[in-house]
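Visitor: Given next are the chains, with one letter for each unit.
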Amino acid sequence: MTAARPPLPAPSRSEYCVIACAEAWRGAGEVLASPMGLIPSLGARLARCTFSPDLLLTDGEALLVGPGGEVEGWLPYRRHLTMVTGGRRHVMMGASQLDRHGNQNISCIGDWARPARQLLGVRGAPVNTLNHPVSYWVPRHSARVFVEKVDMVSGVGYDRARGARFHRVPRVVTDLGVLDFETPDRSMRLASLHPGVTVEQVREATGFPLAVPGGGPVPYTREPTAEELRLVREVLDPDGRRDRGIGAR
Amino acid sequence: MVDKTMTADDVAGRLRSGMTLGIGGWGSRRKPMALVRAVLRSGVTDLTVVSYGGPDVGMLCAAGRVRRLVAPFATLDSVPLEPHFRAAREAGTIAMTELDEAMFMWGLHAAANRLPFMPVRAGLGSDVMRVNPELRTVRSPYDDGEEFVAAPALRLDAALVHLNRADRLGNGQYLGPDPYFDDLFCEAADEAYLSCERLVETGGLAEGAAPQTLLVGRHSVSGVVEAPGGAHFTSCAPDHARDEPFQRMYATTPWAEFAGRFLSGPDEHAYSRAVRAWHEGQR
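For the record, the sequence lines run as chains D and P. If you want our numbering, it's the 1-based position in the first sequence plus 11. If you want our numbering, it's the 1-based position in the second sequence plus 15.
Think of the hints as simulated: they come from the structure by calculation, not from any bench. In this text the structure is predicted, and so the values were computed from the model without any measurement. Treat the hints with care, since some could be wrong.
Unchecked claim - So, partial list: chain D residues that the calculated Cβ filter (under 7 Å) puts toward chain P: (1) G71; (2) V76; (3) L92; (4) D122; (5) W123; (6) P126; (7) L131; (8) V133; (9) L141; (10) N142; (11) K160; (12) V164; (13) A172; (14) G226.
Unchecked claim - Estimated spans, in silico, between C-beta atoms of each pair: (15) D:G207 - P:S287: 34 to 40 Å; (16) D:T61 - P:A225: 32 to 38 Å; (17) D:G77 - P:S93: 32 to 38 Å; (18) D:D70 - P:G107: 36 to 42 Å; (19) P:T22 - D:E245: 34 to 40 Å; (20) P:Q227 - D:P206: 48 to 54 Å; (21) D:E81 - P:L190: 45 to 51 Å.
Claimed, not checked - Residues from chain P shown here face chain D by an in silico Cβ test under 8 Å; the list is partial: (22) R83; (23) P87; (24) R101; (25) R104; (26) E113; (27) D115; (28) A117; (29) M120; (30) S141; (31) L190; (32) P194; (33) A292; (34) E295.
Virtual Cβ for every residue (Gly too), placed ideally from N, Cα, C.
Model the full assembly from the supplied sequences, consistent with the hints where possible.
Guide: Written out as structure tokens, the structure reads:
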């Protein structure tokens, strides 16, 4: 007989976010997972450690590394760009603005010719979105991000990618839930709510009408398994960095 | 064999206002900052700057030397937004050609290969096409008939790059993990100037390092400058990491104050002394 283990603390909001990000790479095969930001990085590494063992990961610089940091390949920027156009990559980018068709902006806010706020520039968003799956991570779901029309289309959405052979935007993960484009007209849909969040809350934080799955309530983001929680809490992020900036609301 | 060594100020003296100037490195990594500082000391202005932008872009914008910027981004990496690039864009003081990272790379390839353009699967559907109305598309002449963007050649009047080692002939070697696009910048330029952390004998280049570290060939280089710490405050792995405290100060200090304290001296030695004094003042 072993003593009953104390129950694990319930998953936090940030842990649901990590799970929802990890799910982006389920079934992706032997492709490069390119996460931008801490939560997507934890998601990619969790997927690599569990249900997507063939994923390739980078150290954020020029190396391909295993989950323990062991080097398995060389990936300087120009080879990285070849991987983009070769299609063997699924990136999870950030977004300063996103619209209902999945157009993304990281370039500037306001008129491009004289922006009110200059941001990064388009970076690789145009080439990414025409060549391989691109998901997005938005740490604070708000009507400032989810807008009717983005100011500068950097990443290309479904309405502007007609005929593009390799275009796909599988999912958008936010601190409130998961969004996808599984609707007849490929407009954004609320695919799942993180536990503790309501549909109304997401609608209020979204600057355009949001589709919901037909014929029933919006499902919740799945629960992490005990092993997934252990990996996140003890191996991948023992310092709890994931909770910074992601609280229940 | 021609000894191509010169000073950073010699390099700046060979540049002319109105030139198209390519700058190697990436973001706040291995930027030829000693050469950029020499440009700032010179009277060269009205530049078209072509760069995967970092503080090179920010400083030249802040000093009013840039007429047009050709870039997919400008960032300090650990500080996401380049403050002086932002200020210039928001004030409308520079023109910009904003390209995607891949369009930019293939533009350099086209220039290096003496081609007018390269077809890329990038840009279509994005506002890169809207804000650059001069961009054209091409259709595949083969059965697929797919439409591509014709990324125009980014031919450069001059290029500036910084590597870890070089010889007097202009052979350049990188010892860090990423070549970035420095060889392409040199090959895309009519005149390329290479600064290095340390000048070595030609025979010393391949000692202790694999031959594929010999990134830049002397046939594409017009001048070589020995500039230890010449990438400061950007990174130059493995010789030195980014100077993060200094970069944070750069990003938060008004330009006139920063330039007055660090860039008003007569040469790179004065800059290094000012940086040392600043670090000592931080202790």
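Visitor: All the hints need checking, so say for each whether the structure fits it.
Guide: Now the hints, each set against the structure:
Because the smallest distance between the Cβ of D:G71 and any Cβ of chain P comes to about 10 Å, over 7 Å, the interface hint for this residue is violated. A least Cβ separation of about 12 Å between D:V76 and chain P goes past the 7 Å threshold, and the interface hint is therefore violated. About 5 Å separates the beta-carbon of D:L92 from the nearest beta-carbon of chain P, less than 7 Å, and the hint is met. The interface hint given for D:D122 is broken, as the beta carbon of that residue sits about 10 Å from the closest beta carbon of chain P, more than 7 Å.
A least Cβ separation of about 5 Å between D:W123 and chain P falls short of the 7 Å threshold, and the interface hint therefore holds. The interface hint given for D:P126 is met, as the beta carbon of that residue sits about 6 Å from the closest beta carbon of chain P, less than 7 Å. At its closest, the beta carbon of D:L131 sits 5 Å from a beta carbon of chain P; the interface hint therefore holds under the 7 Å criterion. The closest approach between the C-beta of D:V133 and any C-beta of chain P is roughly 6 Å, which is under the 7 Å cut-off, so the hint is satisfied.
The beta carbon of D:L141 is positioned within 7 Å of a beta carbon in chain P (closest approach about 5 Å), and the interface hint is therefore held. Interface restraint check for D:N142: the shortest CB-CB distance to chain P comes to about 6 Å, inside 7 Å, so the restraint holds. Interface restraint check for D:K160: the shortest CB-CB distance to chain P comes to about 11 Å, outside 7 Å, so the restraint is violated. For D:V164, the shortest C-beta to C-beta distance to chain P is roughly 4 Å, which falls under 7 Å, so the interface hint holds.
At about 5 Å, the closest approach between the beta carbon of D:A172 and any beta carbon in chain P falls short of 7 Å, and the interface hint on this residue holds. Taking 7 Å as the C-beta contact cut-off toward chain P, the hint placing D:G226 at the interface is violated, the least distance being around 33 Å. For the pair D:G207 and P:S287, the supplied restraint of 34 to 40 Å is violated, since their beta-carbon distance comes to about 55 Å. With their beta carbons about 37 Å apart, D:T61 and P:A225 fall inside the hinted range of 32 to 38 Å.
Under the hint 32 to 38 Å, the C-beta atoms of D:G77 and P:S93, about 25 Å apart, miss the expected range. Distance hint check for D:D70 and P:G107: the Cβ-Cβ separation is about 39 Å, which falls inside the suggested range of 36 to 42 Å. At roughly 56 Å, the beta-carbon separation of P:T22 and D:E245 lies outside the given 34 to 40 Å, and the hint is violated. Remark: the range hint 48 to 54 Å for P:Q227 to D:P206 is upheld by a beta-carbon distance near 52 Å.
A beta carbon spacing of about 22 Å between D:E81 and P:L190 contradicts the range 45 to 51 Å that was offered as a hint. The interface hint given for P:R83 is broken, as the beta carbon of that residue sits about 13 Å from the closest beta carbon of chain D, more than 8 Å. Proximity of P:P87 to chain D holds as hinted, the smallest CB-CB distance being about 6 Å (cut-off 8 Å). Interface hint at P:R101: satisfied, since its Cβ lies 4 Å from the closest Cβ of chain D, which is below the 8 Å cut-off.
Residue-level restraint check for P:R104 holds (minimum Cβ-Cβ distance to chain D is 4 Å; threshold 8 Å). A least Cβ separation of about 6 Å between P:E113 and chain D falls short of the 8 Å threshold, and the interface hint therefore holds. Because the smallest distance between the Cβ of P:D115 and any Cβ of chain D comes to about 4 Å, under 8 Å, the interface hint for this residue holds. Satisfaction of the interface hint for P:A117 is found here, the shortest Cβ-Cβ separation to chain D being roughly 4 Å, below the 8 Å cut-off.
The restraint placing P:M120 at the interface with chain D holds, with a minimum CB-CB distance near 6 Å, inside the 8 Å limit. Interface restraint check: P:S141 against chain D, minimum CB-CB distance 4 Å, threshold 8 Å, status holds. Here the hint on P:L190 is broken, as its CB sits about 12 Å from the closest CB of chain D, past 8 Å. The beta carbon of P:P194 comes within 6 Å of a beta carbon in chain D, closer than 8 Å, and the hint placing it at the interface holds.
Interface hint at P:A292: violated, since its Cβ lies 32 Å from the closest Cβ of chain D, which is beyond the 8 Å cut-off. For P:E295, the interface hint is violated, the least distance from its beta-carbon to any beta-carbon of chain D being 31 Å, above 8 Å.
Hint violations for this structure: numbers 1, 2, 4, 11, 14, 15, 17, 19, 21, 22, 31, 33, 34, all remaining hints satisfied.
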